[in-house]
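Undergrad: Let chain V serve as the given structure and place chain L with the ligands on it in line with the hints.
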Amino acid sequence: MFLALRELRFARGRFALMGIVIALIAVLVVLLSGLSTGLVNDGVSGLKSMPATAFAFDEGTMTDNAFSRSLVDDEQLEYWAQAEGIESAEPMGVSIVNGTSDQGTQVDLTLFGVEPSGFLAPELSEGSGLGAPDGIVVSETARAAGLEVGSVVTLDRVGLDLTVVGFTAGQATFGHVDVAYLPIGTWRLIASNTATPGVPTEATVLAADYPYSSVVALRAAAGSSIDIEAGDDAAGTMTMLRTEAFNASPGYEAETLTLSMIQVFLYAICALVVGAFFTVWTIQRTHEIAVLRAVGASSGYLLRDGLAQAAMLLVGFTAIGVAAGVGLGAIMPEAMPFELEAAPVAFASLLTIALGLLGAAVAVLRIARVDPITALGGQR
Amino acid sequence: MTTHTVNTALTNTAPTSTPALEITDAVLELGDGDGRVRALDSVSLRVQPGEFVAVVGPSGSGKSSLLAIAGALGKPDSGSVRVHGTDLASLNRAAAARFRLRNIGFVFQSGNLIPALSAADQLRLVARLAGNRVVEPEALLAELGMAHRAGHRPGQLSGGERQRVGIARALVNNPSLLLVDEPTAALDRDRSQEVVAILAERAKRSAVAVVMVTHDRDVLGHCDRVLEMVDGQLSELSAAAMGSGTGQSSWNS
Ligand SMILES: Nc1ncnc2c1ncn2[C@@H]1O[C@H](COP(=O)(O)OP(=O)(O)O)[C@@H](O)[C@H]1O
Ligand SMILES: [Mg+2]
Numbered sequence: 001m002f003l004a005l006r007e008l009r010f011a012r013g014r015f016a017l018m019g020i021v022i023a024l025i026a027v028l029v030v031l032l033s034g035l036s037t038g039l040v041n042d043g044v045s046g047l048k049s050m051p052a053t054a055f056a057f058d059e060g061t062m063t064d065n066a067f068s069r070s071l072v073d074d075e076q077l078e079y080w081a082q083a084e085g086i087e088s089a090e091p092m093g094v095s096i097v098n099g100t101s102d103q104g105t106q107v108d109l110t111l112f113g114v115e116p117s118g119f120l121a122p123e124l125s126e127g128s129g130l131g132a133p134d135g136i137v138v139s140e141t142a143r144a145a146g147l148e149v150g151s152v153v154t155l156d157r158v159g160l161d162l163t164v165v166g167f168t169a170g171q172a173t174f175g176h177v178d179v180a181y182l183p184i185g186t187w188r189l190i191a192s193n194t195a196t197p198g199v200p201t202e203a204t205v206l207a208a209d210y211p212y213s214s215v216v217a218l219r220a221a222a223g224s225s226i227d228i229e230a231g232d233d234a235a236g237t238m239t240m241l242r243t244e245a246f247n248a249s250p251g252y253e254a255e256t257l258t259l260s261m262i263q264v265f266l267y268a269i270c271a272l273v274v275g276a277f278f279t280v281w282t283i284q285r286t287h288e289i290a291v292l293r294a295v296g297a298s299s300g301y302l303l304r305d306g307l308a309q310a311a312m313l314l315v316g317f318t319a320i321g322v323a324a325g326v327g328l329g330a331i332m333p334e335a336m337p338f339e340l341e342a343a344p345v346a347f348a349s350l351l352t353i354a355l356g357l358l359g360a361a362v363a364v365l366r367i368a369r370v371d372p373i374t375a376l377g378g379q380r
Numbered sequence: 001m002t003t004h005t006v007n008t009a010l011t012n013t014a015p016t017s018t019p020a021l022e023i024t025d026a027v028l029e030l031g032d033g034d035g036r037v038r039a040l041d042s043v044s045l046r047v048q049p050g051e052f053v054a055v056v057g058p059s060g061s062g063k064s065s066l067l068a069i070a071g072a073l074g075k076p077d078s079g080s081v082r083v084h085g086t087d088l089a090s091l092n093r094a095a096a097a098r099f100r101l102r103n104i105g106f107v108f109q110s111g112n113l114i115p116a117l118s119a120a121d122q123l124r125l126v127a128r129l130a131g132n133r134v135v136e137p138e139a140l141l142a143e144l145g146m147a148h149r150a151g152h153r154p155g156q157l158s159g160g161e162r163q164r165v166g167i168a169r170a171l172v173n174n175p176s177l178l179l180v181d182e183p184t185a186a187l188d189r190d191r192s193q194e195v196v197a198i199l200a201e202r203a204k205r206s207a208v209a210v211v212m213v214t215h216d217r218d219v220l221g222h223c224d225r226v227l228e229m230v231d232g233q234l235s236e237l238s239a240a241a242m243g244s245g246t247g248q249s250s251w252n253s
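As you go down the protein sequences, you meet chains V and L in turn.
To convert, note that position 346 of the first sequence is 346 in the UniProt record's numbering; the numbers rise steadily by one, no gaps.
To convert, note that position 214 of the second sequence is 214 in the UniProt record's numbering; the numbers rise steadily by one, no gaps.
These are computed hints drawn from the structure, not numbers from a lab.
Built from N, CA and C at the ideal position, the CB exists for glycine as well.
Careful: at least some of the hints might be erroneous.
[To be verified] So the derived label-pair ranges between C-beta atoms look like this:
hint	chain 1	residue 1	chain 2	residue 2	range
1	V	T286	L	D231	28 to 36 angstroms
2	L	A94	V	V326	45 to 53 angstroms
3	L	R217	V	L358	34 to 42 angstroms
4	V	G300	L	P115	16 to 24 angstroms
5	L	H152	V	L350	38 to 46 angstroms
6	L	A94	V	M332	54 to 62 angstroms
7	V	T286	L	S158	23 to 31 angstroms
8	V	E244	L	P115	32 to 40 angstroms
9	V	A368	L	P115	19 to 27 angstroms
10	L	G35	V	V273	35 to 43 angstroms
11	L	E201	V	S298	28 to 36 angstroms
12	L	S158	V	L350	45 to 53 angstroms
[To be verified] Pulled a few chain V residues facing chain L out of the computed Cβ check, cut under 8 angstroms:
hint	residue
13	F2
14	R6
15	E7
16	A81
17	A83
18	G85
19	L266
20	A268
21	E288
22	V291
23	A294
24	V295
25	G296
26	S298
27	I373
28	L376
Same shape as in the complex, but just chain V (with noise of 0.2 angstroms):
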């Protein structure tokens, strides 16, 4: 590396402007792993903080927005119930919703209907918990809309009218949509299509006679597991373990594909890039490659420097682009959906590095196929 520091000293300027494109291919490539675990965060967060272990689909469903196509009914809830391994089944109510506040802004809400005293009942934060056939707990980030406790949500077309009860701590939004909890028997009500406008009672609620829910939400006894293919076979339905279900929330699948897309095409810029400087650079050193290989050095040699001062000029650039990346991360706005985990933003680096090697590493290869003879003068 005696060769590769000196040159890096003395070609400083641009090395220097190389090194700006790696460590601004850093920044992006931070922000976008930035981004990507923000929004799917956000897009499951509701589902990702469920203490559910998996989901039992109807038979057959879609597996794209699948929790608000699906229906299974008391049935099929009940093989489940009585499964082997299975420490408790509830059904669980997915739909989306558009209302207005008693203030006249416009929400739109998530409503995941579940038992009120069952596992799937959210965690508080502020005020009570579901009990009341009208009364609901949403998540934190419906602060935003200028919801509070107390505050009544219309639901657009039914006329029914809610009122929220408390709040659930987190991030609980699915597929970017504010989550409402609610007591089953209220979201059969909503489901059946038989509410009218007004107050939902326990008579109202009752009268419903709606034997459905989305899905079934399963819990497995501790130290035990399902036998999905069993129970599905019995039950009629298509089991996904809570991770797998994150496909099934809307957006999810569409959004990381997008972004992983970006991703690809950065990393395959930073390794086209940096390819296309360091052939450059080779060309423009061809003759005094020439001269050290006549002196005697071997191909061996040059190469390890060759690709020694890539990888000195893509780690140190790249870390500079990282923290850049992290620095920038730390001042996005609250609203963005917007958050760092060390894994993938090392991934993504290392990443960066090792295409930006492969691409110095195929320029560098020029090195070998140089002709020591041709540093005699004359006509050669």
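TA: Showing chain L with the ligands alone in chain V's frame:
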């Protein structure tokens, strides 16, 4: 390592019995088809340690080709090349590179220094390539009158200074053979005389054999022997034909 012992033997002032360079009936053809030329046509040459030989001749006559085969950069199609007893035909590419590093010094046109390295670092790099990390390049640079420029890069040196650094770099691993390709091509008259005088002095002092290709008839007076290359054929030039050289061609054996 045989190459290394050769080197050590030389620095202890070798007996004159083994020639530093011995080329016998070398033939080299270059190009393909109709463009095929006989760059070297049955060339024989023997140079003793401490001897300073000049090769003159029109361009395209095969002078650089001669340096290439003498310097283990290429192999002749037939004939043999020995450097201090080692048959170069026996070396593969990697071995030839190692051999060049330790036994042959190259001085190229206008120095051909590495732009990023200071004068001292040019020498250090070549020493390190040969596994010598403790070399003190300042002493060698001082011998060539370049001590005050040790920290300067080629861009900060004049043509004559660059050529001196180039000579120092060629000598740093104590070679037994110095191959010099048109060292004065980019220099004015006085600078040319100085540089060639240095080569002549080094040849005597370190008992290194020097083969110098040149177009510059003015510097031939420093040489022990002058050979002429014409159409790939090498012949001895008589003292009279040497032109304006300062006369004597003292034979050193
Ligand atoms: N790589 C090559 N391919 C084909 N012909 C070559 C090549 N290199 C040199 N030649 C030819 O070989 C002859 C000798 O070249 P060279 O040794 O460079 O001459 P000099 O150094 O005396 O000018 C010339 O005719 C030249 O054109
Ligand atoms: Mg030539």
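Undergrad: If a hint holds in the structure, say so; if it does not, say that too.
TA: A quick look at each hint next to the structure:
A beta carbon spacing of about 31 angstroms between T286 of chain V and D231 of chain L agrees with the range 28 to 36 angstroms that was offered as a hint. For the pair A94 of chain L and V326 of chain V, the beta carbons lie near 47 angstroms from each other, so the given range of 45 to 53 angstroms is met. In this structure, R217 of chain L and L358 of chain V break the distance hint of 34 to 42 angstroms, their C-beta atoms being roughly 54 angstroms apart. At roughly 23 angstroms, the beta carbons of G300 of chain V and P115 of chain L sit within the given window of 16 to 24 angstroms.
Evaluation of the 38 to 46 angstroms hint for H152 of chain L and L350 of chain V yields a pass: the beta carbon distance comes to about 41 angstroms. Taking the beta carbon of each, A94 of chain L and M332 of chain V are about 55 angstroms apart, inside 54 to 62 angstroms as hinted. One distance hint, 23 to 31 angstroms for the beta-carbon pair T286 of chain V and S158 of chain L, holds here, with the actual separation near 25 angstroms. Restraint check, E244 of chain V to P115 of chain L: a C-beta distance of roughly 59 angstroms breaks the suggested window 32 to 40 angstroms.
Roughly 22 angstroms separates the CB atoms of A368 of chain V and P115 of chain L, a value that falls within the hinted 19 to 27 angstroms. Here the CB-CB span from G35 of chain L to V273 of chain V is close to 40 angstroms, well matched to the stated 35 to 43 angstroms. Remark: the range hint 28 to 36 angstroms for E201 of chain L to S298 of chain V is upheld by a beta-carbon distance near 32 angstroms. The hinted window of 45 to 53 angstroms between S158 of chain L and L350 of chain V holds, with their beta carbons roughly 48 angstroms apart.
For F2 of chain V, the interface hint holds, the least distance from its beta-carbon to any beta-carbon of chain L being 6 angstroms, beneath 8 angstroms. A hinted interface residue such as R6 of chain V counts as satisfied when its beta carbon comes closer than 8 angstroms to some beta carbon of chain L; here the least separation is about 5 angstroms, so the hint holds. Contact between E7 of chain V and chain L, as hinted, is supported at the beta carbon level, the nearest pair being about 4 angstroms apart and thus within 8 angstroms. Violation of the interface hint for A81 of chain V is found here, the shortest Cβ-Cβ separation to chain L being roughly 75 angstroms, above the 8 angstroms cut-off.
Below 8 angstroms, beta-carbon pairs count as interface contacts, and A83 of chain V has none with chain L, the closest being about 70 angstroms; its hint is therefore violated. Hint on G85 of chain V is violated. Least Cβ distance to chain L is approximately 66 angstroms, over the 8 angstroms limit. Because the closest C-beta pair between L266 of chain V and chain L is about 31 angstroms apart, greater than 8 angstroms, the hint is violated. The criterion of a C-beta within 8 angstroms of any C-beta in chain L is not met by A268 of chain V, whose closest approach is roughly 31 angstroms, and the hint is violated.
Checking E288 of chain V against chain L by beta carbon gives a least distance of about 5 angstroms; that is within 8 angstroms, so the hint holds. With a least beta-carbon distance of about 5 angstroms to chain L, the hint placing V291 of chain V at the interface is held under the 8 angstroms criterion. A cut of 8 angstroms between beta carbons decides the hint on A294 of chain V: the least distance to chain L is about 6 angstroms, and the hint holds. Interface hint status for V295 of chain V: upheld, as the beta-carbon distance to the closest one in chain L is roughly 6 angstroms, under 8 angstroms.
Contact between G296 of chain V and chain L, as hinted, is supported at the beta carbon level, the nearest pair being about 3 angstroms apart and thus within 8 angstroms. A cut of 8 angstroms between beta carbons decides the hint on S298 of chain V: the least distance to chain L is about 6 angstroms, and the hint holds. Checking I373 of chain V against chain L: minimum C-beta separation of about 5 angstroms stays under 8 angstroms; hint holds. This hint holds: L376 of chain V has a C-beta 5 angstroms from the nearest C-beta of chain L, less than the 8 angstroms allowed.
When held up to the earlier numbered hints, the structure conflicts with 3, 8, 16, 17, 18, 19, 20 and fits the remainder.
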